[in-house]
Amino acid sequence: MRNRTFPTLALVFVLALVACTPNVDTSPSASDPVEPSGSEVAANSPDASAAPSDAPAAPCAAESSQEDPIMEGVEEGAEISFWTYFLSPTFDEFILCTIARFEEAYPGVTVNWEDHQATYLDDYRNSINSDTQPDVANLSNNEGWVREFAQAGALLNLTDNAPQEIIDQYFPNLFADNLVDDDSFQFPWYQSIAVELINTRIYEDAGLDPAEFPTAIDELPALCQTIKDETGTLCDIRLTVTDYLSQMTYEGGVDVMNEDQTEFTFDSPEAVEWLQMYVDMVAAGTVDTDALTTALDRVALLIFSAGQAAFYQTGPQLIRVVKDNNPDLYENLALAPLPLGKSGVTQPTSMAISVKADTEFPNASMALAAFFTGPRAMLDFAKIVPVYPSTPAAFDDPFFSEEPELIEDSARPLAREIIENQQNILPPIPEKADVNDIVRQAVEAALFADVPAQEALSDAVEQANALIR
Amino acid sequence: MTRRFAFTPYLFLAPALALVATFVLYPILAVVFYSFTDFDIITSPEWVGIDNYQRLIGDPTFWKALTNSAVYLVVTPTVIVLSIMLAIVVNRRLRGISLFRALYFVPAVSGSIAIGISWRWIFERNGMLNSALISTGVISEPVQWLTDPDYVLPIAMLLTVWAGVGYYAVIFLAGLQNIPEELYDAARIDGCNRFQKHWHVSLPGLRPQIVFVAVISSLAALKVFDEIYVLTNHTGGVLESGTTIVFYLWRQAFVLSNAGYASAIAIALLLATLVFSIGLVRVLERGEAT
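If you're matching them up, the sequences are chains P and F in order.
Numbered continuously in numbering that gives the first Met the number 0, the first sequence closes out at residue 468.
Numbered continuously in numbering that gives the first Met the number 0, the second sequence closes out at residue 289.
Check each hint, because a few of them may be wrong.
Restricting the straight-line Cα-Cα distance to at most 25 angstroms, the calculated cross-link-like pairs of lysine to aspartate or glutamate (DMTMM-like) are [unchecked claim]: (1) F:K63 - P:E454; (2) P:K431 - F:E45; (3) P:K431 - P:E269; (4) F:K63 - F:D225; (5) F:K63 - P:D449.
Just so you know, the hints here were simulated from the structure itself, not pulled from any lab data.
Please read all numbers here as calculations on a predicted model, not as lab measurements.
Given the sequences, and given the hints that come with them, work out the whole structure.
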């Protein structure tokens, strides 16, 4: 028996490897902005994530129609640390070229760049606690990171400290995203826009015309019912489990707090109507509840890319996932604008760059943040990945007015108008994570435990108000 | 007569003691301290006395998580019974038995996340289980197993049992191979059939292994996290149906940034585990004495 030990162990090892290899999911979650392999990006999630396109990249190009923003008063000999989120190694060339241009524009200033990935948020929180916070950091606006760290006093007030000409380079609605006490703590970086991807085969089998996709959220229940009745397919739609308050604000037109911001009011008739819409869809069995309640964009995306759903809300950059996973479906794709909720506006889906509150080099740090978010760098970035600039000037480049050839680029000519009209209408929410968790439990009680929507939301409001009193 | 204090042993122990103090003792003491504070990881902890513990008592999700963890302990007797049966089956000299032993050990050396993802593929709406049930006519429409509160915990427990049986069977197999063959011969002469032979010889002979497996598998069951995290897409399942105590601790600390409250949950888990382990060992030792 003994002489069989080694071959047996070797076999176990090989089998374990075989068993593990296809199952290991190294792709980032819905809240991850960029997957290193570039095959998955979450635009439906609040992050404006990026995946590389096939377009020829020229990040180190000497020529550009756009200029880099230059600031006065940058501290000589400054050495600043800079963290990005899930951008390496795919975008190393773009980042290193931009840093090289920055260091050339500000001789003597040194940038130490680090890319953090799955543990980014934990790393950043720990860095604040251990006094190793980077001078400049890539934060997500939509995940609420900017507001969380600004409220904790960890970020520099850019409304007060940044030069006006730098502030003026951004779309005003984006610079005003996630204000804290009417002040901005971020320079908006790369943007995404959400669209509806339509599987024309299922859609047409249901007797529907992709060109007439609903323009309002409250048309979705009837649409899902038709699709289920005609094709047996369930709708692949998601609740934003990490931010219900935001979703009910945009979709349901709900005022989640009173005007004084002293009490929660998300048990209003508008909120009940919003929740009831989902309760009815679950009761009618027209939605995939796994996709509906997942915290991961990937789950719902894979259902769509497997050809098992009629439509899915995401960013155009994610069409690449469909193209890679299911070329047949890619040939049968159509795009439609996002149906609007009762608020009438869509939420900005942006990444941001912020500066440490007590950085030793505030001007150099702001200069670097402005440089990366400026029109030149953003144009370079948009040429290698379907994301969009936060500065109107960058859109003046012919790249944005050219007729796109690929379906994934078809939103490009409309991007400026969409981005310009996005608005963050969610007020600052005290104890936001805990309140969202209370709402999550209320929504689940209504969806899966037959608790009336009004009762579930009123109980949640009572708990949330107790939390902030 | 005075004894001379010897420094040398302590000198040799010092590196290990320093490591234990840094990576075990200090974190435990820090968690005890944080459990009495309001701590969001970003800002300095603020002393709140026993507030976190008072909150625990009135927190229905905590009790739900504790109940789920207690229910999860059903895994322990199940895994013991199945592992012993498997060990008995493979404790034979048959052609190709080494390959079979290697195969059932594969889940033990596979990553828990990888196993969880492959199990998701089985139980998803368009997964293998629904396909099999529909094709055999058992159901007409797919069941959404992973968002049905009645199924989430049982599926996770089934996964734990499946992944653990191979590992624990190896322990029982080693125990079986240490039981003298003469005892089986004597049992056979006394007229025992195959079942009686294992009941009267194998099981008493495996008692040390049963105690060991009972303790480590129940501790593992109380600390279950990976299976829940993957199967429920990081949510804990609808209506907290799969939320165990460690999953709830993780959510409080790293999703909701309530590290102080999470520390109080950790202390409650520590105490529960300690009491359970001592109780379990005493019960099993008492059985041994009789």
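Quick rundown of the hints versus the structure:
1. F:K63 - P:E454: holds, 21 angstroms
2. P:K431 - F:E45: Roughly 19 angstroms separates the two Cα atoms, so the pair holds.
3. P:K431 - P:E269: Roughly 20 angstroms between the alpha carbons, so the hint for P:K431 and P:E269 holds.
4. F:K63 - F:D225: holds, 18 angstroms
5. F:K63 - P:D449: Judged against 25 angstroms, a Cα distance of about 19 angstroms means the pair holds.
Hint compliance for this structure: no hint is broken.
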